[in-house]
Amino acid sequence: MLARELKQDHDVISVDLRNHGRSFHSDDHDYALMASDIITLLKELKVEKPIIIGHSMGGKVAMRLCDFDYPLEKLVVMDMSPVKYTTRRHDNVLAGLNAVCQQAPKTRAEAMEVMSEHIEIDGVRQFLGKSLFNSGEHMGWRFNLEGLEKNYWNILDWQPINKTDTPVLFLKGADSDYLQADHQAKIQQQFAQVKVHIVANTGHWLHAEKPNEVLRAIRKFI
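Oh and the sequence shown: position 27 is 27 in UniProt numbering, straight run, nothing missing.
You may find that some hints are simply not true.
Here are the simulated lysine-lysine pairs, DSSO-like style, with alpha carbons at most 30 Å apart [claimed, not checked]:
hint : residue 1 : residue 2
1    : K150      : K49
2    : K74       : K210
3    : K195      : K46
4    : K150      : K130
Distance windows between CB atoms, simulated [said to hold, decoys possible]:
hint : residue 1 : residue 2 : range
5    : A32       : R89       : 31 to 37 Å
6    : K49       : L94       : 32 to 38 Å
7    : Q159      : D182      : 42 to 48 Å
No lab work stands behind these hints, which were simulated from the structure alone. In this text the structure is predicted, and so the values were computed from the model without any measurement. Just so you know, even glycine gets a beta-carbon here, dropped at the ideal spot from N, CA and C.
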């Protein structure tokens, strides 16, 4: 929804990171590699001073780009901090994705029903459901689920970037604990120009729960 709306007045490139969507699968999955993938794409497309928007893992990829010698206009980071996390928070999502693989539902509706046993918020299920495809025999995922699970601790990890002047907007889900007050010092160590917007009554998947408010905040910033 965000990309579709932003296309009305911006040139938008929607990117599937490695091991996601229609992009290539790899056993290697960390932020340096994913950021390098994006830099390669930006150079290939000759994109000058892009505004980078990313959620969760994508937010960390966006921040990691600042360590490359490539000029960026601004960053929008949705519900993520430039810190290492030590707690697994996506086990319910992984359980839902794996359940679809195990039960091999025949239709999208059946796959969504399987996910509902593990993932409570319908907006999150709908968001994840965009990566479903029909193999001809049953529904499956475009994710490299095995590769993502194998590299889960790499996804939680973070190596601080050199301090950058690139302006960044952090969008926080009010009910999420990914972006915390005690992260402020580490954010300021890495970013010189910071704004924060809190989206009320949302969790980590704020863009799926309240896309219109998230869109308004992004438009105001960019």
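Check the hint pairing K74 with K210 against an upper bound of 30 Å on the C-alpha distance.
22 Å, holds
Between Q159 and D182, is the Cβ distance one that fits in 42 to 48 Å?
19 Å, violated
Looking only at beta-carbon atoms, does the pair A32, R89 fall within the given range of 31 to 37 Å?
The hinted range 31 to 37 Å is violated for A32 and R89, with Cβ atoms some 22 Å apart.
Do the alpha carbons of K150 and K49 lie within 30 Å of each other, as the hint requires?
Violated, because 34 Å separates the two Cα atoms, which is more than 30 Å.
Is the gap between the beta carbons of K49 and L94 within 32 to 38 Å?
36 Å, holds
Are K150 and K130 close enough, with their CA atoms no more than 30 Å apart?
22 Å, holds
Can you confirm whether the C-alpha distance between K195 and K46 stays at or below 30 Å?
Distance of about 28 Å is within 30 Å: holds.
Hints 1, 5 and 7 from the earlier list are contradicted by this structure; the remaining hints agree with it.
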